[in-house]
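Produce the complete structure using the sequences and hints provided.
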Amino acid sequence: MVAYWIFALVSLLMVLAALVAVTNRNLVRATMGLVLVLFGNAVLFVLLEAYFLAVAQVIIYIGAIAILIVFAIMLTRHVGDAWGPAFHRAWAWAVVVAGGLAVGLLFWIAHWPAADGKAKSPVDPQYTKLLGKALVAPDGYVIPFEVASALLLAALIGAIYVAWGGRRVKGPYPQRSEEKEA
Amino acid sequence: MVPTSFYIFLAALLFTIGAVAVLVRRNTLIIYMAVELMLNSANLAFVAFARQFGDISGQLFVFFVITIAAAEVAVGLALIVTIFHTKHSVDIDAMHELKG
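Residue numbers (the numbering used here), protein chains in the order written: chain A, 1237 to 1418; chain B, 20 to 119.
Check the hints yourself; a few may be wrong.
As the list claims (entries may be wrong) - Straight-line Cα separation of at most 20 Å, EDC-like style, residue types lysine to aspartate or glutamate; simulated pairs:
no.: 1; chain 1: A; residue 1: K1365; chain 2: B; residue 2: D74
no.: 2; chain 1: B; residue 1: K106; chain 2: B; residue 2: E116
no.: 3; chain 1: A; residue 1: K1365; chain 2: A; residue 2: E1285
no.: 4; chain 1: A; residue 1: K1369; chain 2: A; residue 2: E1285
no.: 5; chain 1: A; residue 1: K1369; chain 2: B; residue 2: D74
no.: 6; chain 1: A; residue 1: K1365; chain 2: A; residue 2: D1375
Stated by the list, open to error - A few chain A residues that face chain B, going by a derived Cβ cut-off under 7 Å, partial list only:
no.: 7; residue: A1286
no.: 8; residue: I1296
no.: 9; residue: A1330
no.: 10; residue: A1384
Simulated from the structure, these hints should not be mistaken for lab results.
Heads up, the beta-carbon is just placed ideally off N, CA and C, and yes, glycines get one too.
Listed below in structure tokens is the structure:
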């Protein structure tokens, strides 16, 4: 019974925060709405007995991704957040498309026998161990795991290169122009 | 124990909110946040089904989704900051050089 109340409260909060995140014109407030949604997702992961993922969600999404978004907002801030209409001019078409998407999803869920069942078996108490073993087992997910790590490294190096603008730096530190002249 | 369908309905609702925002908003950073919202709703559905079927594969997929989302955010935000330096705007309608 307690789980129902927690689910109701958290899901209501998540939907409201998601609406704030996508409608607010103030980018920082929108980011805080997104953080609330991410945290609500972590709470639901705990309700679903996915404790490892709940902690990973808080550390990676809130601790890293949300902070990156805040940095991007600070780097792009001077112009803009109150310029022109917030919504695209073809918003009516977008609402029609998204309404179709929502109706389709809900229809599919409502007519799907697997979705209304309860959990078949309780989660293994040692499931974090199973998760770790599956990530490094040769017959498990070791190849996707290694590919994902290489992809993450490549993406981060690529991000640094893109943000650096492809400038060539000779010395160990980027030199200021007046130092070059002197 | 909350039934799986409740979680799936919530995930569908959040996914729809994210999809509307991607289609409607003009600020690139907001569109990024909406993409994150959609990824999160998919993660919620994955974990709900992982519990229902007593299988950890769903949770492993969420693990990979989080990894890919981190990579995507790093590259995407670097691109946005670079585009802002040349165009002085993060408006999606200002980026029309590719005639898309």
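Checked hints:
1. K1365/A <-> D74/B: 14 Å, holds
2. K106/B <-> E116/B: Between K106/B and E116/B the Cα gap is close to 11 Å, so the pair holds against 20 Å.
3. K1365/A <-> E1285/A: 14 Å, holds
4. K1369/A <-> E1285/A: 18 Å, holds
5. K1369/A <-> D74/B: Status holds; Cα separation ~14 Å.
6. K1365/A <-> D1375/A: 16 Å, holds
7. A1286: Result: holds, 5 Å to nearest chain B Cβ.
8. I1296: With Cβ-Cβ at 5 Å, under 7 Å, it holds.
9. A1330: 3 Å, holds
10. A1384: Result: holds, 5 Å to nearest chain B Cβ.
In this structure, none of the earlier numbered hints is contradicted; all agree with it.
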